[in-house]
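2 protein chains.
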Amino acid sequence: MAQFKILHKSGKARVGQLKTAHGVIETPNFIPVGTQGSVKALSPRDLREIGVQVVLANTYHLMLRPGDQLIKKLGGLHQFMSWDGPIMTDSGGFQVFSLGVALEHGVGKLLREEETKAKPRLNKITEEGVTFQSHLDGSKQILTPEKSMQIQTNLGSDLTVAFDDLESPKHNYEETFKSLKLTERWELRSRGAFYGVTHGGIFKDLRIRSAKFVDQNFPGIALGGAHKDKKTLYQVIEWTVANVSEEKPRHLLGIGEVEDLFNCIERGIDLFDCVAPTRRARNGSLYISPKSGGNLKNNFTLNISKSKYKGDKNPIDNWCNCYACQNFSRAYLRHLCVAGEILYHHLATTHNVYFITNLVKKIREAILNNQFGKLKALWLTD
Amino acid sequence: MAQFKILHKSGKARVGQLKTAHGVIETPNFIPVGTQGSVKALSPRDLREIGVQVVLANTYHLMLRPGDQLIKKLGGLHQFMSWDGPIMTDSGGFQVFSLGVALEHGVGKLLREEETKAKPRLNKITEEGVTFQSHLDGSKQILTPEKSMQIQTNLGSDLTVAFDDLESPKHNYEETFKSLKLTERWELRSRGAFYGVTHGGIFKDLRIRSAKFVDQNFPGIALGGAHKDKKTLYQVIEWTVANVSEEKPRHLLGIGEVEDLFNCIERGIDLFDCVAPTRRARNGSLYISPKSGGNLKNNFTLNISKSKYKGDKNPIDNWCNCYACQNFSRAYLRHLCVAGEILYHHLATTHNVYFITNLVKKIREAILNNQFGKLKALWLTD
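Going line by line, the protein sequences match chains R and V.
Anchor point for the first sequence: position 134 equals 134 in full-length UniProt numbering, and the numbering is continuous, going up by one each time.
Anchor point for the second sequence: position 176 equals 176 in full-length UniProt numbering, and the numbering is continuous, going up by one each time.
In isolation and in its complexed conformation, chain R is listed as follows (with noise of 0.2 Å):
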């Protein structure tokens, strides 16, 4: 099983090591999304040029297709993917459940480029587990935090997660808790997980139960749920994080935009996933640093398919060193992304993995030398 130390302290924040039978992961850090058993665009060696040191795998996802049992059989996911560095999995609850408790709750900001893709049907959750169809062939599924385990070891993955319940952002006190105290007994079925996860909505009391249930219980403390806004999740991060032990990783699931970063390292957390950097790049909207006009109403983004990049000779971002930044002009990449160039999508997510990849080996560097408010300011000034 993984191993957490930290080297370094400031405030908050900390730099460590997570040490895994693949490799070690410096914290703070970014893993990057393959929901199919590949980060969209980028080869295992992009990955590795580009400083990627782990990647995270959806479990939903590969249970269905190619199969997890496939998957072992071919040598385990690290194999089948050609990725030799850390493989974290999440539950496969997340996805069964977002699209249920969504569409039940029309909150569809919940989701996940991928789930908008992928549409399972809840049907049933029971003490058991949750019975779905498959959205690929409508077969009829069942996902139990014991199943959930089972897959993430054939998966092979070096980070695993317990499988949990989601609760609605729309939930009142009682539903939340009837959701957190199924959860805790789900979590304890899911015997071997690295990360237990947190729930508990907006309210204070359940959320430092559910900390203190999951520090309890799991080596590792994943940070779950649904966020109303900025501001309730940096409450939910302070909540937390004041009542888990300080030697244990923190992952924040499913955030991971640049204001994040500096907002929860900051708080301390750890690790972060998002699928924002190769969502965004294949929507034409591409990281640039405050340098080149990144500020936090532009979300330290440019829209390449916007005219006025037609002609422009510089690079995306002109202090960014990935290939893409040295070797083609946004007049290049707007013309790929306008003409539907496959090219585009290559270069516009290695430019946007490769910057939050960067950021975050900053902000690493900049904890170390006990600098990360100057740096913090330098990015999140208005």
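A few of these clues could be false.
If chains are identical, the list can't say which one is meant, so a pair holds when it fits in one copy or spans any two.
Derived lysine-lysine pairs resembling DSSO-like cross-links, with alpha carbons at most 27 Å apart [stated by the list, open to error]:
id : residue 1 : residue 2
1  : Lys313    : Lys19
2  : Lys9      : Lys361
3  : Lys361    : Lys376
4  : Lys313    : Lys147
5  : Lys170    : Lys230
6  : Lys313    : Lys5
7  : Lys313    : Lys178
8  : Lys73     : Lys19
9  : Lys361    : Lys231
10 : Lys376    : Lys231
11 : Lys291    : Lys73
No wet-lab data here; the hints were simulated from the structure.
Fit chain V to the supplied structure of chain R, relying on the hints for placement.
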């Protein structure tokens, strides 16, 4: 202007060098197509690693988007697409005509894949040139020999092609002769073009006339026109090669399957361009060598989407040294293909372009060692 030198001959097959301002092209060679200034799913460094020495870009597509004047302003196509090797451009005529002629005559097979997406509407052919409507915005466009040469110059092409009229395979002798004479007048107006294009349909005297005409007026011979079947194609090559200077390079436009490479090089062809490797990759059709089961019947391909590859641990081709074959199984490629992952396109295209590039390299070596017949027999036996 490019210069051609023959290094070795074995029968009609030759090994040579085509020197351009952007480097030497060893012949025989295969030129992958980068229609819109990008070889589908491959970056320039991918192309270099694969061993590609020259790429072809389409005048028709680039004149319309992003525009040849813009590309000129941005430093030319080499800088725009960050490819410092040789670039060949076509004249734009094929694209403009082929749909007009092909639609009229119902010979859709003529069209390259790119044309089926990009649908110019042909309005009028006059002595001056051709007017058509852009497939992008319906705007009225005109292409003349002079304009085609200007566009190719603006792009910074190393190997330009004269503007020609395209005959239909359904044209009779008189119609074909009429078209050929228009081609001759247009080619004479295509000042500075490296390649003249031969036409004349399936008519021996017209093909000989065209071969002699192009030989007299251009440094390079490009064999053009639509080809009814392989037998006719080989016949046309024989008529043409017998009537052009030995020391001039011979480019067969738009052809490049495995079988063609052997049969056409054997008849004296030096260069090929074709969308087959990139298009096939996108459709799940991946090249395999005879040792992996490739033969004339399956066009030296397997269809990776077939369920029989679901658990196949082998690489696409056990004897291939491309990045895809060195790192991934058929099972993974099939998964990416079926799941619609962008990485599939990158890996599949890498393999197919490497496969063909490496095959022409082997053919070059075989000719140098007077072993061409032996290599051909290894591949083309039934």
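Tested hints:
1. Lys313 - Lys19: neither (43 Å within a copy, 30 Å between copies)
2. Lys9 - Lys361: within (15 Å within a copy, 57 Å between copies)
3. Lys361 - Lys376: within (13 Å within a copy, 54 Å between copies)
4. Lys313 - Lys147: This pair counts as between: shortest inter-copy Cα distance 26 Å, intra-copy 53 Å.
5. Lys170 - Lys230: Classified as within; 16 Å inside a copy, 68 Å across copies.
6. Lys313 - Lys5: neither (45 Å within a copy, 38 Å between copies)
7. Lys313 - Lys178: neither (57 Å within a copy, 46 Å between copies)
8. Lys73 - Lys19: Within one copy only: 26 Å inside, 51 Å across.
9. Lys361 - Lys231: within (25 Å within a copy, 62 Å between copies)
10. Lys376 - Lys231: within (17 Å within a copy, 70 Å between copies)
11. Lys291 - Lys73: Classified as between; 26 Å across copies, 49 Å inside a copy.
In the structure shown, a violation is registered for the earlier hints numbered 1, 6, 7, in ascending order.
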